[in-house]
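**Student:** Turn these sequences into a full structure, and let the hints guide you.
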Amino acid sequence: MTDANPVCGGAAQAAADGEGVDVAQVVGVVGKDAFARIVATLIRVTGDWTLAEDCAQEALTLALERWPAEGVPANPGGWLMTVARNRAIDVLRRVSTERRKLQELASLTLTDTGPAPVRKEDVVDDRLRLIFTCCHPALRLEARVALTLRTICGIPTADIARAFLVSESTMTRRLTRAKTKIADAGIPYRVPTGPALAERLPGVLAVLYLLFTRGYDAGGEPAFADEAIRLVRLLEQLMPDQPEISALLALFLFQHSRRDARRDADGNLLTLDKQDRSRWDHAAIAEGLEILARAGKNGPHARQDGPYALQARIAACHATATSADATDWPAIATWYDELARIQPSPVIELNRAVAHGYAYGPKAGLALVAAARAGGALDDYAPALAAEGDLTARAGDRDRAAALFRQAAALSHLEPERHALLDRADQLSS
Amino acid sequence: MKEREMKYMMFVCTDTEPDTDKADLPDIDTWVAENDARGRRLDGHELAATTTATTVRVRNGELLVSDGPFTETKEVIVGYDLLECADLDEAIEVARTHPMARAGRIELRPFADLPFRQRD
Chain A
9 MTDANPVCGG AAQAAADGEG VDVAQVVGVV GKDAFARIVA TLIRVTGDWT
59 LAEDCAQEAL TLALERWPAE GVPANPGGWL MTVARNRAID VLRRVSTERR
109 KLQELASLTL TDTGPAPVRK EDVVDDRLRL IFTCCHPALR LEARVALTLR
159 TICGIPTADI ARAFLVSEST MTRRLTRAKT KIADAGIPYR VPTGPALAER
209 LPGVLAVLYL LFTRGYDAGG EPAFADEAIR LVRLLEQLMP DQPEISALLA
259 LFLFQHSRRD ARRDADGNLL TLDKQDRSRW DHAAIAEGLE ILARAGKNGP
309 HARQDGPYAL QARIAACHAT ATSADATDWP AIATWYDELA RIQPSPVIEL
359 NRAVAHGYAY GPKAGLALVA AARAGGALDD YAPALAAEGD LTARAGDRDR
409 AAALFRQAAA LSHLEPERHA LLDRADQLSS
Chain B
7 MKEREMKYMM FVCTDTEPDT DKADLPDIDT WVAENDARGR RLDGHELAAT
57 TTATTVRVRN GELLVSDGPF TETKEVIVGY DLLECADLDE AIEVARTHPM
107 ARAGRIELRP FADLPFRQRD
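Which chain is which? The protein sequence lines are A and B, in order.
Under my numbering, the first sequence is numbered contiguously, ending at residue 438.
Under my numbering, the second sequence is numbered contiguously, ending at residue 126.
Rather than coming from a laboratory, the hints here were simulated on the basis of the structure.
Be aware that a few hints might be false.
[What the hints assert, rightly or not] Straight line, CA to CA, 20 Å or less: simulated DMTMM-like cross-link-like pairs of lysine to aspartate or glutamate: (1) B:K13 to A:D192; (2) A:K189 to B:D95; (3) A:K109 to B:E11; (4) A:K189 to B:E99; (5) A:K189 to B:E113; (6) B:K13 to B:E96; (7) A:K371 to A:D407; (8) A:K282 to A:D333; (9) A:K189 to B:E96; (10) A:K109 to B:E81; (11) A:K189 to B:E11; (12) A:K189 to B:D27; (13) A:K109 to A:E73; (14) A:K189 to B:D35.
**Tutor:** The following block contains the structure:
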């Protein structure tokens, strides 16, 4: 099933034609895309986020009740949309006399059996509108991520709350506050045009990046990484002339390709040099490389890589190395030089120092680490001390390196990481 | 939702961290003329210094009038403009071209009486 046609997904179609259909699975497959599409369309027409979500949810629930007995309709997405629309009409009839909204809802011509019930451009535009609205900079970053997960991905509030380490009622309040602000502050339900699009796109991509990271972090929920990839794929299809979108997709694919190789049998995270590269998803890497090549050639700023393109190029160097020793460190160092130039930050300076350390020897790396740490921003950052420790060890000063690893361990809050750092210190002292 | 006109109070404030860009600030008269002509600015004025402010309170039926407030903050409201815009994005567009968006900061607050509200 492709994101381009969320209405009649291939999986649902096959299921509808076949025998012994697992209805829950069909609702799961159709539902994910259908939910976002229905919510997006109902928000456009009614302007009411909660109503839109409730009606989409009710349509899914009704499908779960009915489809096992009655069979899956030929156009499950259209069926769900019809149910949700009728439900919205009922609610609006009861609570208000807002004739214009009712008329618009009624004019959404839907059938249970026909082809895609609304114009494809509307479907696509509605979802894109929804993404840009959820990611509006007038909302707090955390609210943007939560709202994106809830409204675009259809992830239950309880699951989002768990990922954010807050109670469900707290998350419900946050989501309600965000939706209320959208309505009360007049945040438009629209994809910005002209220069505003270029200004807002980085914010949207930052939310998707955060979403991916939440799925990829040590304790993260992997489903979030999948959702981030799904959304950036959708965005790439809808806005193919934006090289940073393509670059972000490539970056996600490279990182996600390592998902099965990142942990040992005990569940501990493995660094790149210790991973079994045969377990990387080489199809995903190939796709990432293809996208990156396309983005570099066709983009309007072909010679000016953005921050995601540079990160993707660095990730590509790692992904294509046949072994840790075969990594093209001079190339990585060059990309980090460029990244530090356009997006300077202490953490990027630190990564740059590490890359230079592998490319041009530990002394070169240590000089850059000292520069990165000069501002003091990395003083409490365990990876900074660990990186300095690694370079120091390779430069031959084992005692000082061991001390640095112990300092890093004292700063680390993650037990497996702390353990690994102390092990390293002990090896150097022995 | 295009037809929905929103009213925003635009508070013009100073900021302790103004823009460091050396380019000239936009012209306030041009800003006023343009937004008046487009019907997006309904009213507005610069305010006198906070040293001229008077605070009025009523507590237990008693009127309390005092000088000030003289808060320690250096970020104070120095003026206001009343805007009427289609949505927040238009209001942001109006605000960004005000000279004080760079010399200080702008706070946009929608009026609370809205044509329709979110169901909660």
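**Student:** Each hint should be assessed against the structure and marked as holding or not.
**Tutor:** Evaluated hints:
no., hint, in the structure
1, B:K13 to A:D192, "holds (11 Å)"
2, A:K189 to B:D95, "holds (13 Å)"
3, A:K109 to B:E11, "holds (17 Å)"
4, A:K189 to B:E99, "holds (18 Å)"
5, A:K189 to B:E113, "holds (15 Å)"
6, B:K13 to B:E96, "holds (11 Å)"
7, A:K371 to A:D407, "holds (17 Å)"
8, A:K282 to A:D333, "holds (11 Å)"
9, A:K189 to B:E96, "holds (16 Å)"
10, A:K109 to B:E81, "violated (43 Å)"
11, A:K189 to B:E11, "holds (16 Å)"
12, A:K189 to B:D27, "violated (32 Å)"
13, A:K109 to A:E73, "violated (29 Å)"
14, A:K189 to B:D35, "violated (32 Å)"
Checked against the numbered hints above, the structure breaks hints 10, 12, 13, 14 and satisfies the rest.
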